[in-house]
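Since the structure of chain A is provided, determine the placement of chains B, C and D with the ligands on it from the hints.
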Amino acid sequence: MVFPAVEKEPAMSEPKPLSFHVPAPAVRPGGTPDFSDVKISRAGEVERPPVDVAPEKIREHAFRIIRVLDRNSQAVGPWAGLLSDTELLAGLRHMMTLRAFDARMQMAQRQGKTSFYMQHMGEEAVSCAFRKALEPGDMNFPTYRQAGLLIADGYPMLDMMNQIYSNELDPMKGRQLPVMYSSREHGFFSISGNLATQYIQAVGWAMASAIKGDTRIAAGWIGDGSTAESDFHAALVFASTYKAPVVLNIVNNQWAISTFQGIARGGSGTFAARGLGFGIPALRVDGNDYPAVHAVAKWAVERARRNLGPTLVEYVTYRVGAHSTSDDPSAYRPKTESDAWPLGDPVLRLKNHLIVRGVWTEERHKQAEAEIMSEVIAIQKEAESHGTLHTGPHPSARDMFEGVFEEMPPHLRRQRQQGGV
Amino acid sequence: MVFPAVEKEPAMSEPKPLSFHVPAPAVRPGGTPDFSDVKISRAGEVERPPVDVAPEKIREHAFRIIRVLDRNSQAVGPWAGLLSDTELLAGLRHMMTLRAFDARMQMAQRQGKTSFYMQHMGEEAVSCAFRKALEPGDMNFPTYRQAGLLIADGYPMLDMMNQIYSNELDPMKGRQLPVMYSSREHGFFSISGNLATQYIQAVGWAMASAIKGDTRIAAGWIGDGSTAESDFHAALVFASTYKAPVVLNIVNNQWAISTFQGIARGGSGTFAARGLGFGIPALRVDGNDYPAVHAVAKWAVERARRNLGPTLVEYVTYRVGAHSTSDDPSAYRPKTESDAWPLGDPVLRLKNHLIVRGVWTEERHKQAEAEIMSEVIAIQKEAESHGTLHTGPHPSARDMFEGVFEEMPPHLRRQRQQGGV
Amino acid sequence: MPRKTMVEAIRDAMDVCMQRDANVVVFGEDVGYFGGVFRCTQNLQQKYGSNRVFDTPINESGIVGAAVGMAAYGLRPCVEIQFADYMYPAYDQIVSEAARLRYRSNGQFTAPLVVRMPTGGGIFGGQTHSQSPEALFTHVSGLKTVVPSNPYDAKGLLISAIEDNDPVIFLEPKRLYNGPFDGHHERPVTPWARHPLGEVPDGHYTVPLGKALVRREGAAVTVLAYGTMVYVAEAAAEETGIDAEIIDLRTLLPYDLETIVASVTKTGRCVVVHEATLTSGYGAELSAIVQENCFYNLEAPVARVTGWDTPYPHAQEWDYFPGPARVGRALKAVMEA
Amino acid sequence: MPRKTMVEAIRDAMDVCMQRDANVVVFGEDVGYFGGVFRCTQNLQQKYGSNRVFDTPINESGIVGAAVGMAAYGLRPCVEIQFADYMYPAYDQIVSEAARLRYRSNGQFTAPLVVRMPTGGGIFGGQTHSQSPEALFTHVSGLKTVVPSNPYDAKGLLISAIEDNDPVIFLEPKRLYNGPFDGHHERPVTPWARHPLGEVPDGHYTVPLGKALVRREGAAVTVLAYGTMVYVAEAAAEETGIDAEIIDLRTLLPYDLETIVASVTKTGRCVVVHEATLTSGYGAELSAIVQENCFYNLEAPVARVTGWDTPYPHAQEWDYFPGPARVGRALKAVMEA
Ligand SMILES: Cc1ncc(C[n+]2csc(CCOP(=O)(O)OP(=O)(O)O)c2C)c(N)n1
Ligand SMILES: Cc1ncc(C[n+]2csc(CCOP(=O)(O)OP(=O)(O)O)c2C)c(N)n1
Ligand SMILES: [Mg+2]
Ligand SMILES: [Mg+2]
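As you go down the protein sequences, you meet chains A, B, C and D in turn. Residue 1 is where the first sequence starts when you use UniProt numbering, and the numbers rise one by one after that. Residue 1 is where the second sequence starts when you use UniProt numbering, and the numbers rise one by one after that. Residue 1 is where the third sequence starts when you use UniProt numbering, and the numbers rise one by one after that. Residue 1 is where the fourth sequence starts when you use UniProt numbering, and the numbers rise one by one after that.
Treat the hints as calculated values from the structure; they're not laboratory data. What you are looking at is a predicted structure, and each value in this text was computed from that prediction instead of being measured. Any given hint might turn out to be false.
Short, incomplete list of chain D residues facing chain C, as computed with Cβ under 7 Å [claimed, not checked]:
1) Gln46
2) Asp92
3) Ser96
4) Pro208
5) Thr279
6) Glu292
Simulated pairs of lysine-lysine, BS3-like, Cα-Cα distance not exceeding 30 Å [what the hints assert, rightly or not]:
7) Lys47/D / Lys16/A
8) Lys298/B / Lys16/A
9) Lys16/B / Lys298/A
10) Lys39/B / Lys366/B
11) Lys332/C / Lys266/D
12) Lys212/B / Lys298/B
13) Lys57/B / Lys57/A
14) Lys211/C / Lys332/C
15) Lys16/A / Lys57/B
16) Lys16/B / Lys212/A
17) Lys332/D / Lys266/D
18) Lys366/B / Lys335/B
19) Lys332/D / Lys211/D
20) Lys332/C / Lys266/C
21) Lys57/A / Lys298/A
22) Lys266/C / Lys332/D
23) Lys212/A / Lys298/A
24) Lys39/A / Lys57/A
25) Lys212/B / Lys47/D
26) Lys47/C / Lys212/A
27) Lys57/A / Lys39/B
28) Lys16/B / Lys57/A
29) Lys335/A / Lys366/A
30) Lys266/C / Lys211/C
31) Lys39/A / Lys335/A
32) Lys16/B / Lys47/C
33) Lys57/B / Lys39/B
34) Lys366/B / Lys381/B
35) Lys211/C / Lys335/B
36) Lys57/B / Lys298/B
37) Lys39/A / Lys212/A
38) Lys212/B / Lys16/A
39) Lys39/A / Lys57/B
40) Lys266/D / Lys211/D
Glycine included, each C-beta is placed from N, C-alpha and C at the ideal position.
Only chain A is shown next, with the shape it has when bound in the complex (with noise of 0.2 Å):
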C-alpha cells in the first residue's frame, strides 16, 4: 500500500471524570427568596426600534427587559404613551374583574362545586394588555392561563362560568374541562390542554390568513416551561420559513409547575433568546407592567400585519398561586416568593400610575373593587342557578355523543343506544 502506517499516538492523559449538571433554584422551602440573578433593565431604557428593524441588529433586546412604568408609577421612555386615560382606566378594570373572577372560582372550587381551577394572580396584565393590542378578527391560541384576554374583550363571564361548572348552559356541553374555553367570536381557539400543540397552530392559522390574502393576524401562547415541548420548535421553524403573520408569546411566570423556569430555559439567559436561533426579532418585556406589556404587543402586531413576519415576546412575571387547584406551592419555593418579586404586582401597579396620572384615587379603587366584585358574584349566583359540576343539571349524556363527527356514524348510533340515551 502507498500509505504510510500511522503511529499509535501517545495516550491523552487520562480526562478527569465526567459530572453531572442539574439546574436547581437559588432558594427552596425555607430559604429567603432571592431574586438577585433576576437582570431588571430600567424602566424607559430599552430603546424602541423601527417595526422592519432587521432582526440580528436587536439581538440584545432579547436579554433586556422593556419597561415603562418606573419607580415612582411615572411612564417613560420611548415605549410610553400609547394609551389613553380611559383605556389605561378599562385596563385596570379587566385586570381587576379577572382577579375577583379567579377568588370567587377558586373559592367555587374548593367548596366542591368543581372539579379543577387555575388563576392568574399576578399575571392579569399580560393577557389583558395584548388583547388590546389585536383587532376584531384576530385569533389566539392560548393557554389555560389567559383568561384575560376573554374578559378584557368581553366575553360574557357568565358563559365562563357555566362551563366552569360544566352546568345546564356550559357552552361545551360539559365535554372540555373547566377554563378550556373557546371562544370563536372572541378570537380564543379553544384550549387543548396539551401544552405547545397550540403554537404550531398558531402559525398555521396565520399562513393559512396570508394564502388567503386576509388581514387578520394570529397569536400563539405558550408557558415558559412549555417552551421545552418539540411543539414549539415546529412553530418557530414554520414561522422562520414562511415569515407567518404571528405573534409567539412566551408567558415567563418563572415556574412549571414545581420546576424553576431554569429546567427549561437552560444554558440560554432568556426565553426571549430562543428567537436567535430563527433569525425572529425577540423582546422581552415587563409581564407586570400594563402600557409596557400593551405596548410590546402593539409593535410586534403591526409587524405581524404589515406582513413583516413573526415576533417572539417573553412576558417576564410571576405566578403568584398555586400551578392550579390541584398543587400547592409551599411544597417546592418559599411561601413568601412572591413578596420578593420584584416587577410588584401588575394591579397595584397600574392603580399607582392613574393615581400619578390623577385619573384614579384609592377610594375610588375600593369601590371599584367592591363594585367589581357584587358584579361577579351576581353573574356567580345565576351561573349557579344553572347548576353546578356537583350538584348539575349538567349537558346529557346524549350530549356526550354528538359532535365527535359532523354526522354520528353508525357505530356511534348503536353505542348511544346501548347507552340508552
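Positioned in the frame of chain A, the structure of chains B, C and D with the ligands alone reads:
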C-alpha cells in the same frame, strides 16, 4: 360603575392584504448554478477561541466558516497544524476508500444486488475527519450518511457489504435496511432511519456518561433538513439544561431530498445559529476541508471531555450525488450545480494539500486509487460469495422472529410455529 | 375511459378539488416543486402556485399542526406524510388536536383536513418504509380512516375525504401505486393500464366514506380485506378454488357493518387479512365485531392472517408479508374447521 | 405486613431497585425535588441525589429519547410521563426507537427502560387526564405493557419491569392510587390501608410479567379485566349474583393465554371490560383470541364493555365510565344469550 366608557378608537387605516412567503432556491433545473449568496470566510480568517470561552462571546462564529486549506492548498490560520503528514495521508485514504466503496455499492444496487443505497459523494471529509477526533469508547449517533465513521475507524468493510446485501453473514440478520449499520465496538450506534430521533438519544447517552462519572462522550448527527424535526429541539433543550458532554453535528449538504436548505433554515441565516437560542457555542466549518473538520471536531470534543458541555457544529458541504438510489436530483436542481459548489471536493483538496506539503504526488494518488478500488472489489467478491439480496442466501425466517425481545414470548413462539420455521 | 395509475388518480383527486375549491391547499415534505417522492403531487405547484402547493420543513408535527390551524381558519389542507412510518411525530397533533377539536369546542372550530400517507410493504422498504399503522388511527375517536385498493376508489375516496368536514387519514398502499399486487412477487407486475379498476373518470365523482364493496361474490367464506390484501385474497381464492366472498372495506372507520354482517351471515365463515402486525391490529376489531354480530351463524372461528408481531424485516420481506399461500392455508383451515 | 397505598408501593419499587442497582435512574416532569404530581417519586431525590433522580424539561419525546440513549449506555431509566394523555409526543421514541432497537441492531444495543404513566379515568380529569391508551402499545412489537390493579402487584410488577431487559410501558390506574374503586363514585372511598391487597412486603420481590391472576373464581362466565375494571367487575358480579370468574390480566403484552383459555373453556362465556374506547381497543384483541382459542366452548358471543367511542368527557364522567351497572347488564346478557 366608576370607570369611564372607552370611546371607540377611530378605525385603523385599512391594512394591506397579507401575502404568503415560500422560500425558493436561487436556481432550478435549466438555470445556471449560483452560489453567490453563500458567504465564505477566507481560510485562516476565523479565530480559534479557548475551549472554555463563554458562548455569548463567539456568537459571530455561527455565521462564519472556519477553513484551513486556502486556494493554494496551504494549511493556514489558527485551526491549522493539528495533524501529522501520516495522519493526513490516512485521512486521504479513508476518504478515497469511502468513495470507492460508494461507487461499487451504488453500482451493485443498480445491478439489483440490493434494494437501496445512499452515497456520500462530496461529504467524505465530514465523517472521516470527525472520527479521528474521538477516542475509543466514545459513541456516535449517526445518520445514514456517515459511513466514514466506520471506515475511518477500521470497521470491516466486509461486514458493511454483508449488511448491504442482506446475505447470510449480515450482522443485522437481514432485519435492517442496507446502510443502517450498527457497531457498538466502533462507537457507532444503530441507525434508525427515522430522522432526528437519535439526536436526543446522543444527549441521553452523554448524560448517562456524566451521571456515571465516566470520561466517554457522545456525538449526535443530523442533516440540514432534519434540524427542522422536533427531536432536534429536544436534544438542544436537554443538552443545554444538563450541559451534556456531547458534540451536536449538523451536516449541511444544502439539500434534503428535493428541498433546498432554505426551507429548513428559514430566516436564521445559518443552521449553527440555532445554537444561539440555547447558549450552546456554535461553530461552522468548511465540511470539505479535512484538517478544518478535524480541528473543529477536536475543539468540540475537548469541550465535552472537559465537562464544559455541548457544542453545535455545522459542516458546510454539498451532496454531490442523488439523495439515495431512489432519487434523481436533475428533477429539482441544475445538473451542474455540484461543479459550481464553491468549497470544492474534499478528496481533491486534501490530495492537493499533501502534494503541496511534498508528501504525495499525482502518480501515487493514481496508484492509491487503483489499489483501493481493487481491495474494495476483492471484498465485494467475498461478500457476494455469501449472497446478495437478489440471489441469497439470506438470514432465515427464524432470524426474523428472534430478537424482538430478549426472550421470545409465547405469542411470538406460536406465530413462528404457524410460520412453519 | 382514461386509465390511470393510482398515483395519477390520487393526483387527479387533488387537482379536481383544488380546481373547485380555492380553500384546498396541499403541502408536505418534497411535495411542492418536486411533486412528492412518489410523485403524487407532481405539477400541482406549477398549476396552482406555491401559495397553495408548497414544500415544508421536515417536521411531521409541524405539518399536521399547521394544517389544524389552517383548517380552523377555513382552509381544507390535504397534507402528505412521506411514509406512514414517519407519522409518529405527528401523532399527537392527529390524536389530541385534529381528532378532538370539533368535540371539545362544541363545533366552534373544526379540522377538515386530510393526512395522506403511503403505507404497507412489498417494496423491500424494511422497518421504516413498510408499516401499516391503521389500527393506531381506528382506535382514536374523531378520525376517519380510509384505505383505497385501486385507482378508481382512490380518486373517489380522496375527493370524499377532502370534502369531508372531519379529519381523514388516507392510507395509500404504496405497493399498489403502479399496479395491483397479489403477493406473487416473483411474477411480473401488471400495470393499472391493463386492469379494469385502472379506469378513472375525469372530473369530479366521489366514492362515499364508510361503504365497503364486495369485490368477489362467494358462498363459502367471507374474506375481509383492504388495500393490497384485496388482491392477495383474490389470488388465494383462485388458487385454492374456495368460493370466497371478498369484501374490500375501503373505509376502516366508520366501517360498513351491514355489508360485513350480510356476508358472514350468508357464508358462516370469516377470514380477516391485513399486512399490519397481528396483536391489536385492526383485524382484532373485525374479528370481534364479526363474532359479536354473527355468532350464531359462525361455523368456524374467525381467522386472522396478518404480518407477524415483529418489526418489518428487510431480507425476510416475503416471509413476513401475508401472501397468497398463507391466506390460502387459512381459507382451507376455516373451511375444514 | 405493612400496608401501603399504590403510590407508596410504586415508590417503594423504585426505591428497592435504586438501592440494589446503581444504574437505575428516575426522571420526568416534576419528579425530582417535588416528587411527582402524584408523589410517586417523593423523597427519592433526597435519598439518591439529583444525579439519579431529577426534573426534566417538559418534553416527553426528550424524556423517552434521553432514556433510550441512557439505556443504550447501560443505565436502567425508569421515567415518568405525567399523564398517559401526554405520552403522544413520546410515541415516536417509544415505537420507532425503544421498541425496535434490540431487533434492528441484532442485540448490540438494547433499551431496558420503563415508562411509567398514570392512566384511566374516574377523577373528573376530562379529555386530557383520563385516557387509557394501552392498545396503542400492545400493537407495537417489542414493547411489554403492564397494568397493575393493587399495591402488591404494582410493586412486584414494577420491580420486574425495571429488571427486565426490554422496554416496558407501565400504566398506573390513577383512580386506584389511594384505594380500590368499583365505579360506585357516590360511595365513600376505601383506602388501601383497609384492603388486603394493600399489604406490601418490604424489600425485594417480583410479580412476573406475562402472568394473569384469577381474582375471583367462578363457573358461569369469565371476565377479562385489568386495572380499575377489576373492582368494577367484582362489584358487578356481586350485584348481579352471577358466578363470574374474574381474571386480572396484569400484563397485556405478553398476555397469559393459558389462564384465559383455561377459564373460558371452563365457563363457556366471556366478557371483556376496559375503560378505553371500544373500537380497536385492547378488548378487541382479547375478544379475537378468546374466540380463536375457545370457539367450540363458547356458548355466547364474547361481549365487550368499554368506554364509548368519544373523547373522554368532563361532566358526563359517569355516563362514560363503564361502571358496575353496565358491566352487570353485560354479564346478564351473556348469561341469557
Ligand atoms: C404535553 C403535556 N405534558 C405535560 C402536561 C402537564 N402539565 C400541565 S401544566 C404543566 C406546566 C406548564 O408550565 P408553563 O408552561 O410554565 O405554564 P404555566 O402553568 O406556568 O402557565 C405541565 C407539565 C401537559 N398538560 N401537556
Ligand atoms: C421522521 C422522518 N421523516 C421523513 C423521512 C424521509 N426522509 C428521509 S431522508 C430525508 C431528507 C433528510 O435531509 P437531510 O436531513 O438534509 O439529510 P441528508 O439526506 O441531506 O443527508 C427525508 C425527508 C424520514 N426518514 N424520517
Ligand atoms: Mg410557567
Ligand atoms: Mg441535507
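So, going through the hints one by one against the coordinates:
Against a cut-off of 7 Å between C-beta atoms, the interface hint on Gln46/D is violated, since the closest Cβ of chain C lies about 33 Å away. The criterion of a C-beta within 7 Å of any C-beta in chain C is met by Asp92/D, whose closest approach is roughly 3 Å, and the hint holds. Restraint check, Ser96/D versus chain C: the minimum CB separation of about 6 Å is within 7 Å; hint holds. Given hint, Pro208/D at the interface with chain C, is violated; its Cβ is 20 Å from that chain's nearest Cβ, farther than 7 Å.
A distance limit of 7 Å between C-beta atoms decides the matter here; for Thr279/D the minimum to chain C is near 6 Å, and the interface restraint holds. Residue-level restraint check for Glu292/D holds (minimum Cβ-Cβ distance to chain C is 5 Å; threshold 7 Å). The straight-line distance between the Cα atoms of Lys47/D and Lys16/A is roughly 26 Å, inside the 30 Å bound, and the hint therefore holds. Between Lys298/B and Lys16/A the alpha-carbon distance is near 17 Å, which keeps this suggested pair within the 30 Å criterion.
A hinted pair counts as satisfied when its Cα atoms are at most 30 Å apart, and Lys16/B with Lys298/A qualifies at roughly 17 Å. Note on Lys39/B and Lys366/B: the hinted pairing is violated, with a Cα-Cα distance of about 34 Å set against a maximum of 30 Å. A hinted pair counts as satisfied when its Cα atoms are at most 30 Å apart, and Lys332/C with Lys266/D qualifies at roughly 29 Å. Distance check on the hinted pair: Lys212/B and Lys298/B sit about 23 Å apart at the alpha-carbon level, within 30 Å; holds.
Under the criterion of a C-alpha separation no larger than 30 Å, the hint pairing Lys57/B with Lys57/A is consistent with the structure, at around 16 Å. Restraint check for Lys211/C and Lys332/C: the C-alpha separation of about 28 Å stays at or below 30 Å, so the hint holds. In summary, the hint linking Lys16/A to Lys57/B is supported, as the alpha carbons are separated by about 26 Å, within the 30 Å threshold. Taking the CA atoms of Lys16/B and Lys212/A, the gap is near 12 Å; set against the 30 Å cutoff, the hint holds.
About 18 Å separates the Cα atoms of Lys332/D and Lys266/D, which keeps this hinted pair within 30 Å; it holds. Under the criterion of a C-alpha separation no larger than 30 Å, the hint pairing Lys366/B with Lys335/B is consistent with the structure, at around 27 Å. Straight-line distance between C-alpha atoms of Lys332/D and Lys211/D comes to about 28 Å, which keeps the hinted pair within the 30 Å bound. Proposed proximity of Lys332/C and Lys266/C is supported: the alpha carbons are some 18 Å apart, at most 30 Å.
As the CA atoms of Lys57/A and Lys298/A are separated by approximately 20 Å, the hinted pair is consistent with the 30 Å bound. Between Lys266/C and Lys332/D the CA atoms are separated by roughly 29 Å; this keeps the pair inside 30 Å, and the hint holds. A distance of roughly 23 Å separates the Cα atoms of Lys212/A and Lys298/A; the hinted pair therefore holds under the 30 Å criterion. For the hint linking Lys39/A to Lys57/A, the alpha-carbon distance of about 21 Å falls within 30 Å, and the restraint holds.
Restraint check for Lys212/B and Lys47/D: satisfied, since their Cα atoms lie roughly 17 Å apart, inside the 30 Å limit. Among the hinted pairs, Lys47/C with Lys212/A is consistent with the structure: their alpha-carbon atoms are about 17 Å apart, no more than 30 Å. For the hint pairing Lys57/A with Lys39/B, the CA-to-CA distance comes to about 19 Å; that is within 30 Å, so the pair holds. As the CA atoms of Lys16/B and Lys57/A are separated by approximately 26 Å, the hinted pair is consistent with the 30 Å bound.
Annotation: proposed proximity of Lys335/A to Lys366/A holds, straight-line Cα distance about 27 Å (limit 30 Å). For the hint pairing Lys266/C with Lys211/C, the CA-to-CA distance comes to about 19 Å; that is within 30 Å, so the pair holds. With a CA separation close to 22 Å, the supplied pair Lys39/A and Lys335/A stays within the 30 Å bound. With a C-alpha separation of about 26 Å, the suggested pair Lys16/B and Lys47/C falls inside the 30 Å cut-off, and the hint holds.
Restraint check for Lys57/B and Lys39/B: the C-alpha separation of about 21 Å stays at or below 30 Å, so the hint holds. Straight-line distance between C-alpha atoms of Lys366/B and Lys381/B comes to about 23 Å, which keeps the hinted pair within the 30 Å bound. With a C-alpha separation of about 48 Å, the suggested pairing of Lys211/C with Lys335/B is violated against the 30 Å cut-off. The hinted pair formed by Lys57/B and Lys298/B meets the criterion: a straight-line CA distance of about 20 Å does not exceed 30 Å.
Taking the CA atoms of Lys39/A and Lys212/A, the gap is about 43 Å. The hint is violated against a cut of 30 Å. Using a Cα cut-off of 30 Å, the hinted pair Lys212/B and Lys16/A holds, with the two alpha carbons roughly 12 Å apart. Between Lys39/A and Lys57/B the alpha-carbon distance is near 19 Å, which keeps this suggested pair within the 30 Å criterion. For the suggested pair Lys266/D and Lys211/D, the alpha carbons sit about 19 Å apart, so the restraint of at most 30 Å is met.
Violated hints, listed in ascending order, are 1, 4, 10, 35, 37; each of the other numbered hints is respected by the structure.
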